[in-house]
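Chemist: Sequence:
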Amino acid sequence: PPLPSLGTFDHGGGWREVSIVAAIEEYLSYHDLQGPLEAFRRDVERANLRRVPSKASNAVVEDIEGVLTHFDSGRRTEFDEAWRRVMPETFRHGREGRSLALRLEAH
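Under our numbering, think of the first position of the sequence shown as 1005, with each following residue one higher.
Hints in this document: simulated from the structure, not taken from any laboratory.
In this text, all values refer to a predicted model and were calculated from it rather than measured experimentally.
Backbone N, C-alpha and C define an ideal beta-carbon position, used for all residues, glycine too.
Keep in mind that a hint or two might mislead.
[To be verified] Derived Cβ-Cβ restraints for the label pairs, each shown as a range:
#1 1035 / 1108: 30 to 36 Å
#2 1102 / 1036: 52 to 58 Å
#3 1099 / 1069: 37 to 43 Å
#4 1043 / 1082: 17 to 23 Å
#5 1047 / 1104: 34 to 40 Å
Based on the provided sequences and hints, a complete structural model is requested.
Modeler: Here it is, written out as structure tokens:
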């Protein structure tokens, strides 16, 4: 029989770690490895890998998505304002930040 789909995140996080945890659980369950599955679940809970992201981290993700939306739609003024808001000044003025800014300009 085929493996069940992992199309949805049933743990609320939606982060890569949650997806990996779900895939490992599915694998262990599919192969009827109940002992290792129970041990894995205990370790996951101990390591707090099923936590729901905080409102602050969700806000950061939304800010970044907003910046990218402005960039993709060509709204230069809004993009520049959002870029300054979400990127730390030390990064923007550092080598990596200036390099990224140059690439964005070229794009």
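Chemist: What are the numbers of the hints the structure violates, in ascending order?
Modeler: 1, 3, 4
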